[in-house]
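**Student:** In case you want the letters, here they are:
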Amino acid sequence: MPSSEWVEMNFGPQHPSMHGVLRLKAKLDGEIVKEIEPVIGYLHRNAEKICEMTYFNDNLIYFDRMDYVGAMNMEVGYLEAAEKLLDISVSERVKWIRVIMAELSRIAAHLVWAGAYGLDLGMLTPFFHCFIEREKILTIFTEVSGSRQEVNYMCIGGVYQDITEKAISEIEDFVREFPKRLKDIYNMFTKNDIFLSRTKGIGILDKDLAISYAVTGPVLRASGVEYDIRKAEPYLVYDQVNFEVPVSYKGDNLARVLVRFEEMRQSLKIVDQAVKKIPDGPYFNPKAKKSLMIRMRGEGDVYARTESSKGEFGVYIVGDGGVKPYRVHVRSPTLRNLSVLPELSKDVMIADMIAISGTLDLVFGEIDR
Amino acid sequence: MTYTVQIIAESIGKDGRKIIKVTRENFLDLMKDLKNQGFDHLSLITGVDRKDFMEVVYHLHSMKTNQYVVVKVETRDYRVPSVTSLWHSANWDEREQYDLLGIIFDGHPDLKRLFLPESWVGHPLRKNYDLKKVQYINMDEEGNDYATFDERGGW
Numbered sequence: 001m002p003s004s005e006w007v008e009m010n011f012g013p014q015h016p017s018m019h020g021v022l023r024l025k026a027k028l029d030g031e032i033v034k035e036i037e038p039v040i041g042y043l044h045r046n047a048e049k050i051c052e053m054t055y056f057n058d059n060l061i062y063f064d065r066m067d068y069v070g071a072m073n074m075e076v077g078y079l080e081a082a083e084k085l086l087d088i089s090v091s092e093r094v095k096w097i098r099v100i101m102a103e104l105s106r107i108a109a110h111l112v113w114a115g116a117y118g119l120d121l122g123m124l125t126p127f128f129h130c131f132i133e134r135e136k137i138l139t140i141f142t143e144v145s146g147s148r149q150e151v152n153y154m155c156i157g158g159v160y161q162d163i164t165e166k167a168i169s170e171i172e173d174f175v176r177e178f179p180k181r182l183k184d185i186y187n188m189f190t191k192n193d194i195f196l197s198r199t200k201g202i203g204i205l206d207k208d209l210a211i212s213y214a215v216t217g218p219v220l221r222a223s224g225v226e227y228d229i230r231k232a233e234p235y236l237v238y239d240q241v242n243f244e245v246p247v248s249y250k251g252d253n254l255a256r257v258l259v260r261f262e263e264m265r266q267s268l269k270i271v272d273q274a275v276k277k278i279p280d281g282p283y284f285n286p287k288a289k290k291s292l293m294i295r296m297r298g299e300g301d302v303y304a305r306t307e308s309s310k311g312e313f314g315v316y317i318v319g320d321g322g323v324k325p326y327r328v329h330v331r332s333p334t335l336r337n338l339s340v341l342p343e344l345s346k347d348v349m350i351a352d353m354i355a356i357s358g359t360l361d362l363v364f365g366e367i368d369r
Numbered sequence: 001m002t003y004t005v006q007i008i009a010e011s012i013g014k015d016g017r018k019i020i021k022v023t024r025e026n027f028l029d030l031m032k033d034l035k036n037q038g039f040d041h042l043s044l045i046t047g048v049d050r051k052d053f054m055e056v057v058y059h060l061h062s063m064k065t066n067q068y069v070v071v072k073v074e075t076r077d078y079r080v081p082s083v084t085s086l087w088h089s090a091n092w093d094e095r096e097q098y099d100l101l102g103i104i105f106d107g108h109p110d111l112k113r114l115f116l117p118e119s120w121v122g123h124p125l126r127k128n129y130d131l132k133k134v135q136y137i138n139m140d141e142e143g144n145d146y147a148t149f150d151e152r153g154g155w
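Line order of the protein sequences matches chains U and G.
FYI, the numbering for the first sequence is 1 to 369, going by our numbering.
FYI, the numbering for the second sequence is 1 to 155, going by our numbering.
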């Protein structure tokens, strides 16, 4: 059939956190997708330019708004880079608090994904169960920081306020109760024949192709590469906790689903250890507080990478010795994950294309920045 | 590491990563060299506007050996060779830098803007970009976005 007879159609959004900002231009031959082109930029607000115009400590809120379903991981990513550039160290206690928050945030982000992915495939029940569980994590975030999603809890030199006894007991409750709830949710997916037939063997991502597209995170690990920055280049105290990196070799939709579920279990394991090991100490480095008033200055260029819930989140900051960053560039994992979608959606059914794009876990605050 | 091409300088950055500086003439050969040495993961391409020249920074990583290297190349006429033929991820990375900084990547298969509409005037991350001139975006009948300076022409 000549290409002029193909039908061009617009698709999207397929994820509650995408709220109308992903447009997939698809060329269809009947029900078969021939070509697909993601059109992005609808949420672009050039956070990198804004960062050049504000002070180092004030920039943090723009990072919260990148991956808004798992904001703590974004804060960790920015602070890893900013603190290196400004030569500010944090206490052991702060490092453990950050690990707890980052891992809880990863679970919260994966729960949004799991619920949304169920919706993509027409399952409503897991969505409610996922959001009930997620709400418990957001309650913990509210306890420590006062807000639910874009928490703004960490700051250069530490965290804004110490973790409270109440928060710790809430976390302990969560760690105790969550495994059973997670198993229920897991069974809703994997004991469902319709779900399995729509994910097994569909959207296979080859290992070499994945690396060439710079895909990271669960998507890469589902294609058989054991690469996790928490192991490859440990930051905070990830070298002092026991956890495994889940890897699957099939590279299909189901593999990406299973890897994320296993990751939630491993994150819970880390939180469990961290709550027990958390040492006493200051929650803020006074050096940062002092220089907060005279504005911190940094020179040189620093790249720090962290493992966010979507993959390698990198922050590259160039400082010229001034009170504001000279250039900030964010390596967004989801942008790379999205760029592989045209490759995966060649000659598949429309319904499969939706199922494939769901497993990539697209969050647009981070893609468009 | 050994290189077959001449490099300008080699140093260790503040974050402990090795930085290689290279001229634009030798740049593509060096990148091919590094690709063959196992740097299969192009993590990031960044353009830094140094006002009188543009610095393009490439972060390379090897999945197998977990090595990391940073390549820097400077350009005065905002042109550098494209590395899309070596790494697929460079395609969108280069489009992003072209979009926001106006760096032209010679040999890119389809160099067009990634985030902003094609008719957007200027490149926002340039240091001399005029922030006072507000541009509005609208959609034409075909469904394509366009930018306009007219306040009433936008959404």
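Since the hints were made in silico from the structure, they are not lab data.
C-beta: ideal position from N, C-alpha, C; glycine also.
Accuracy of the hints is not assured; some may be wrong.
Beta-carbon label-pair distances, calculated as ranges [as the list claims (entries may be wrong)]: (1) G:139 - U:343: 48 to 58 Å; (2) G:32 - U:29: 11 to 21 Å; (3) G:106 - U:39: 21 to 31 Å; (4) U:10 - G:110: 12 to 22 Å; (5) G:11 - U:234: 22 to 32 Å; (6) U:58 - G:79: 49 to 59 Å; (7) U:179 - G:144: 46 to 56 Å; (8) G:144 - U:295: 38 to 48 Å.
Here chain G is said to cover these stretches of chain U; the calculated rule only asks that three of the stretch's residues, wherever they fall, bring their Cβ under 8 Å from a Cβ of chain G [claimed, not checked]: (9) 41 to 49; (10) 181 to 189; (11) 221 to 233; (12) 262 to 268; (13) 313 to 319.
**Student:** Under a C-beta cut-off of less than 8 Å, do 3 or more residues of the segment 181 to 189 of chain U approach chain G closely enough to confirm the stated coverage?
**Tutor:** With 0 residues close enough to chain G, the hint is violated.
**Student:** Measuring from beta carbon to beta carbon, are residue 32 (chain G) and residue 29 (chain U) in 11 to 21 Å?
**Tutor:** Since residue 32 (chain G) and residue 29 (chain U) have Cβ atoms about 38 Å apart, the given range 11 to 21 Å is violated.
**Student:** Tell me if chain G covers the segment 221 to 233 of chain U under the three-residue, 8 Å CB rule, please?
**Tutor:** holds (count 4)
**Student:** Return holds or violated for the Cβ distance of residue 106 (chain G) and residue 39 (chain U) against the range 21 to 31 Å.
**Tutor:** With a Cβ separation near 25 Å, residue 106 (chain G) and residue 39 (chain U) satisfy 21 to 31 Å, so the hint holds.
**Student:** With a C-beta cutoff of 8 Å, work out whether three or more residues of the segment 262 to 268 of chain U approach chain G closely enough for the coverage to hold.
**Tutor:** violated (count 0)
**Student:** Confirm or reject the claim that residue 139 (chain G) and residue 343 (chain U) have a C-beta distance inside 48 to 58 Å.
**Tutor:** At roughly 28 Å between Cβ atoms, residue 343 (chain U) and residue 139 (chain G) fall outside 48 to 58 Å, so the hint is violated.
**Student:** Okay, residue 11 (chain G) versus residue 234 (chain U) on CB: inside 22 to 32 Å?
**Tutor:** 24 Å, holds
**Student:** Is the hinted range of 46 to 56 Å satisfied by the C-beta distance from residue 179 (chain U) to residue 144 (chain G)?
**Tutor:** Holds: the Cβ-Cβ distance is about 50 Å, inside 46 to 56 Å.
**Student:** Cβ-Cβ distance between residue 10 (chain U) and residue 110 (chain G): within 12 to 22 Å?
**Tutor:** Given range 12 to 22 Å: holds, Cβ gap about 20 Å.
**Student:** 38 to 48 Å was suggested as the range; check whether the CB atoms of residue 144 (chain G) and residue 295 (chain U) agree with it.
**Tutor:** 44 Å, holds
**Student:** Are three or more residues of the segment 313 to 319 of chain U within 8 Å, CB to CB, of chain G?
**Tutor:** Holds, because 3 residues of the segment 313 to 319 of chain U bring their Cβ atoms closer than 8 Å to Cβ atoms of chain G.
**Student:** Closer than 8 Å, Cβ to Cβ, for at least three residues: run that test on the segment 41 to 49 of chain U against chain G and report holds or violated.
**Tutor:** Since 5 is at least three, the answer is holds.
Hint violations for this structure: numbers 1, 2, 6, 10, 12, all remaining hints satisfied.
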